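2 protein chains.
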Amino acid sequence: MREGTEAKEEVSWRSATDSPLLTDLYQFTMLHAYVEREMHGEAVFEFFVRRLPPRRNFLLAAGLEQLLDFLENARFSESEVAWLEAKGHAKGPLIQYLRGFKFAGDVYAVPEGTVVFADEPIVRVVAPLPQAQLVESRLVNLLNFQTIIATKAARSVLAAPERLLVDFGMRRAHGAEAALLAARAAFVAGFQGTATVLAGRVFDLPLYGTMAHSFVQAHGTEEEAFEAFARSQADNVVLLIDTYDTVRGAKKVVDLIPRLSESGIVVRAVRLDSGDLIALSKAVRSILDAGGAPEVRIFASGGLNEYELERIVMAGAPIDGFGIGTDLDVSTDAPSLDCAYKLQEYDGRARRKRSTGKATWPGRKQIFRRFRTDGTFGGDTIGLETESHADTGLMLPVMRQGRRLHSRESLCTIRERAQLSLASLPASLRSLSVRDEYPVVISANVRALAAEVDARMP
Amino acid sequence: MREGTEAKEEVSWRSATDSPLLTDLYQFTMLHAYVEREMHGEAVFEFFVRRLPPRRNFLLAAGLEQLLDFLENARFSESEVAWLEAKGHAKGPLIQYLRGFKFAGDVYAVPEGTVVFADEPIVRVVAPLPQAQLVESRLVNLLNFQTIIATKAARSVLAAPERLLVDFGMRRAHGAEAALLAARAAFVAGFQGTATVLAGRVFDLPLYGTMAHSFVQAHGTEEEAFEAFARSQADNVVLLIDTYDTVRGAKKVVDLIPRLSESGIVVRAVRLDSGDLIALSKAVRSILDAGGAPEVRIFASGGLNEYELERIVMAGAPIDGFGIGTDLDVSTDAPSLDCAYKLQEYDGRARRKRSTGKATWPGRKQIFRRFRTDGTFGGDTIGLETESHADTGLMLPVMRQGRRLHSRESLCTIRERAQLSLASLPASLRSLSVRDEYPVVISANVRALAAEVDARMP
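Heads up: the sequence lines are chains A and B, in that order. If you count the first sequence from 1, position 364 lands on 379 in the working numbering, and the numbers rise without skipping. If you count the second sequence from 1, position 301 lands on 316 in the working numbering, and the numbers rise without skipping.
Among the clues, some could well be false.
Note that identical chains are pooled: a pair holds if it fits in a single copy or bridges any two copies.
[Stated by the list, open to error] Here are the simulated lysine-lysine pairs, DSSO-like style, with alpha carbons at most 30 Å apart:
#, residue 1, residue 2
1, Lys102, Lys117
2, Lys266, Lys373
3, Lys297, Lys373
4, Lys267, Lys373
5, Lys373, Lys102
6, Lys297, Lys106
7, Lys266, Lys102
8, Lys117, Lys106
9, Lys106, Lys267
10, Lys297, Lys266
11, Lys267, Lys297
12, Lys117, Lys267
Read the hints as simulated data drawn from the structure, not as lab findings. Note that the coordinates shown come from a computational prediction; the quantities given were computed from them, not determined experimentally.
Kindly generate the complete structure, drawing on both the sequences and the hints.
Encoded structure:
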């Protein structure tokens, strides 16, 4: 929010990211019944992914921090309640309930940066039914998106492990919040930074940037543009050389370097943004090396994704870093997850949905992960929270009665966890294109509970 | 923003949607050079789409209103400038420039809700070079997203023209802003409303909502849940009948209706959310009709998109309305556009980029659209703004020196324009799956200008 616009902001399109109005209307129709009938019993909801997208062998969990922010801060303003009432979306005892609304439940979660699989509970909310229900839409909205992006970014990290990877996706991200959270999720997964300035500020991420074609075009000649840019930067000079012709652009850089050296200016890298990056990077590398500039790095961008990175790296292209934009920030080949937030228990009794293709496992569940002697994942069991197990559970308590249990994790801590988790992936799951199924077993206790629920509700 | 959190918001992850820090770092590296060298000459940038996605025959332009909001409000706060300076992203004369930054340019645009095609300029910005450059990233971010969603939604409208269509996508939209703007864009394209409450508030959209599976599960039996829900709503009762078994759910509704009638409660509709919607809707329709409830409507949701809608409508399924979620809000089959914002003129001279596969047409351009006698589009010419033409140009002035020229258009006005524009689509472009190319011609004047620019910059 910008200064001096508070009054207007309240109802503008600009995202009120903690507003509990960030929800689906049916939450209010249900809350109306719950409050009227005093159904404030303890509800247990779990968030999980039903099936992995076709081209994903694993997911990297992300977005918990933003969810906890939302749960801690979600309150109805007086004008929001008045609006709900005026529109007929809330009435009677619900009005008073919303005025005093504050999420006061417990949350258990897999830490951000952990590899997870289908069916595994990622977040569990334990709260009075209306509270747990109201937060559903935003909870899914936050966890779904960052998990998608962290997973997509992790695949690029696997494809090009030793290269500099930078998020370039803001302009095609789906809005401002998507751009900010995508930059965060990519960093968590192992990217070195982002070009999105506001993301750099709010998450303290390293920022990367070069120059645009318009800069070259705005000058009389490409040579003039290169020199003007280099002299204005002095340090961190990266020249974009494909505006007219990449190979000729590289030659101009070689010609320019001695003149800049006299002024103590160092060209750090050139950027390629179009054409056959493998062939062009080899040609440009030769020109730079032959021209006495072996220290100048090559950075590439333009329509990249993990598949292109794999192809480029395999071909031995001499590219030192990549800017990955659109395909990262929208996760083109898997822009959503088949995920759900489902009631698993209410008022002390396990619950279960049996809709065709969407049946759920009831109860409060835990993920027990087995490790092989080489440190890689050996298989997971989804059991009941109360089961005793040789393997440690991945879900941990993170919020009690609406308050965070721990201080905010630093992004570097989460990023290190992600690196460790990715390093423990079995080799067969690391492929970008070959599908492999990681063994996830539903425990006998969970199956027995499901049968019990079915027997109760024939 | 929520009350009492102003100080914290400034640097939180919560979207500051008008912050000019919503940009790529390279804009600041370029601005540094521009400001230092006093390159404040008039720049002309145009936003356009290079190629339509594989499964799109047209685009529906949207997002202009939000762009104008951004351009009117974008200012650097003192703390933002201080941060840029502290991090070394701005220095010297740029600091003072940013403190006084205000977009003071002119904007020309195709009105929202207009059908457009590849290569056609959708928005033109005419402003001093640093201003026009700095706003690039957010401009693309806003126009790309809403145009994608309006286009996706328009395809559902074409597939199911007489049905109630409602946006159900918030939970899988990419963040809060995406959810809000997707609801807006879908309404523009002809949807009747959304389930996203905050979108209903900020854009004054009709809201729709029913009940979730968890409501049914939280009750002892489905019958009990149905009755509790109906009695708590009194009006607008829509019952979700697929939690356990859709056909049995429908029978329970028929059994319940007489009892509710005694209390004056009317069941308006049932909702199906899983399984074979064609077969189930026919079965449910029969049960309702045979049970004396022909007035109860059938609403369907669950993994829907325009392809499913077409299939369902063609099969004669008795479904009166659809909730369309994930595939709409992320535009699964085309989650981004190959769009660009390119310099077309600087300081009185036309400019052009020639990068492989990304060459642009120079100059200030206009779209001249020809209409057939039956009112349908007959073909477009992309000419220079100054060309005289029998057909009227689609781009109009919308902002002068940083100020809107017209008051805000109502969403209904934009929606009517979209309906008219979609009704004028040639029949061959209305297909969801068969690709057809609409004739768009580049005028001789534009081609001559391109040749002139190339001759100047060999």
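Okay, the hints, checked on the actual structure:
{"no.": "1", "hint": "Lys102 <-> Lys117", "result": "within (22 Å within a copy, 38 Å between copies)"}
{"no.": "2", "hint": "Lys266 <-> Lys373", "result": "between (60 Å within a copy, 21 Å between copies)"}
{"no.": "3", "hint": "Lys297 <-> Lys373", "result": "between (51 Å within a copy, 21 Å between copies)"}
{"no.": "4", "hint": "Lys267 <-> Lys373", "result": "between (60 Å within a copy, 21 Å between copies)"}
{"no.": "5", "hint": "Lys373 <-> Lys102", "result": "neither (34 Å within a copy, 49 Å between copies)"}
{"no.": "6", "hint": "Lys297 <-> Lys106", "result": "neither (69 Å within a copy, 36 Å between copies)"}
{"no.": "7", "hint": "Lys266 <-> Lys102", "result": "neither (66 Å within a copy, 33 Å between copies)"}
{"no.": "8", "hint": "Lys117 <-> Lys106", "result": "within (18 Å within a copy, 45 Å between copies)"}
{"no.": "9", "hint": "Lys106 <-> Lys267", "result": "between (71 Å within a copy, 28 Å between copies)"}
{"no.": "10", "hint": "Lys297 <-> Lys266", "result": "within (13 Å within a copy, 70 Å between copies)"}
{"no.": "11", "hint": "Lys267 <-> Lys297", "result": "within (17 Å within a copy, 70 Å between copies)"}
{"no.": "12", "hint": "Lys117 <-> Lys267", "result": "neither (62 Å within a copy, 36 Å between copies)"}
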